[in-house]
Amino acid sequence: MQSFIDIAKELSRGMNITLTIFFVTIFASIPLGLLISFLRISNKVLKSISGFYVWVLRGTPLLLQIYFVYYGLPLFGIVLTDMQAILLAFVLNYAAYLAEIFRSGIESIDKGQYEGATALGLNKKQTMFLVILPQMVKRVLPPVTNEAITLVKDTALASAVAMNDILRIAKGNVSRTGNVSAYIVVAVF
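With my numbering applied, the sequence shown covers 523 to 711.
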């Protein structure tokens, strides 16, 4: 029978993959989501294109997007490693969700803030980066935190395309040994 330490060592390999997916997704999707949110409040053409992107990615399940990137892109000659496919699907999905959060945060700022910035002689770029975005960050922090929590749970979807995340390794350990303590270790992580 495996000890708790042996199980934890085995699961640490999966934890590395889970943490890699989490951190790469967070650090790549936040700036991409912010960029898309700027497109969502710009001219009609960019607003329509970015709106369609957000609509499609928020309207389809993440697992379907993972399957499309992993199995569908090679049909078009785009071959990615397992990790690249997972990261691409996660970043594109979470960028769409974050774009809507950021857009709503920007649009929630009172118009008087824009007028005040104009009265102070700030241009549009200065107004956005010095006045609007600092206030927006405070307003979007709770929903962005919710998305980060959801991301931790969604990383288990990586096992659908042969990624050995922590849940898949735990499942294999339980199947092999019959000892369910691996699930307890996963729950603690």
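Read the hints as simulated data drawn from the structure, not as lab findings.
Hints may contain errors.
The list that follows gives simulated cross-link-like pairs (lysine-lysine, DSSO-like), each with its CA atoms no further than 27 angstroms apart [as the list claims (entries may be wrong)]:
hint: 1; residue 1: 566; residue 2: 633
hint: 2; residue 1: 647; residue 2: 660
hint: 3; residue 1: 633; residue 2: 647
hint: 4; residue 1: 660; residue 2: 646
hint: 5; residue 1: 647; residue 2: 531
hint: 6; residue 1: 660; residue 2: 633
hint: 7; residue 1: 660; residue 2: 569
hint: 8; residue 1: 646; residue 2: 566
hint: 9; residue 1: 566; residue 2: 647
hint: 10; residue 1: 693; residue 2: 675
hint: 11; residue 1: 569; residue 2: 646
hint: 12; residue 1: 633; residue 2: 569
hint: 13; residue 1: 660; residue 2: 531
Now for the hints, and whether the structure bears them out:
Using a Cα cut-off of 27 angstroms, the hinted pair residue 566 and residue 633 holds, with the two alpha carbons roughly 20 angstroms apart. At roughly 19 angstroms between alpha-carbon atoms, residue 647 and residue 660 fall within 27 angstroms of each other, so this suggested pair holds. With a C-alpha separation of about 16 angstroms, the suggested pair residue 633 and residue 647 falls inside the 27 angstroms cut-off, and the hint holds. A distance of roughly 20 angstroms separates the Cα atoms of residue 660 and residue 646; the hinted pair therefore holds under the 27 angstroms criterion.
For the hint linking residue 647 to residue 531, the alpha-carbon distance of about 50 angstroms lies beyond 27 angstroms, and the restraint is violated. The straight-line distance between the Cα atoms of residue 660 and residue 633 is roughly 17 angstroms, inside the 27 angstroms bound, and the hint therefore holds. Distance hint between residue 660 and residue 569 is fulfilled; the C-alpha atoms sit about 24 angstroms from each other, no more than 27 angstroms. Under the criterion of a C-alpha separation no larger than 27 angstroms, the hint pairing residue 646 with residue 566 is consistent with the structure, at around 18 angstroms.
Of the pairs offered as hints, the one joining residue 566 and residue 647 holds, with about 19 angstroms between alpha carbons and a cut-off of 27 angstroms not exceeded. Straight-line distance between C-alpha atoms of residue 693 and residue 675 comes to about 16 angstroms, which keeps the hinted pair within the 27 angstroms bound. Among the hinted pairs, residue 569 with residue 646 is consistent with the structure: their alpha-carbon atoms are about 18 angstroms apart, no more than 27 angstroms. Taken as a hint, the residue 633 and residue 569 pair is honoured in the structure, with Cα atoms around 20 angstroms apart against an allowance of 27 angstroms.
With a CA separation close to 39 angstroms, the supplied pair residue 660 and residue 531 exceeds the 27 angstroms bound.
Comparing the model with each numbered hint stated earlier shows that hints 5, 13 do not hold.
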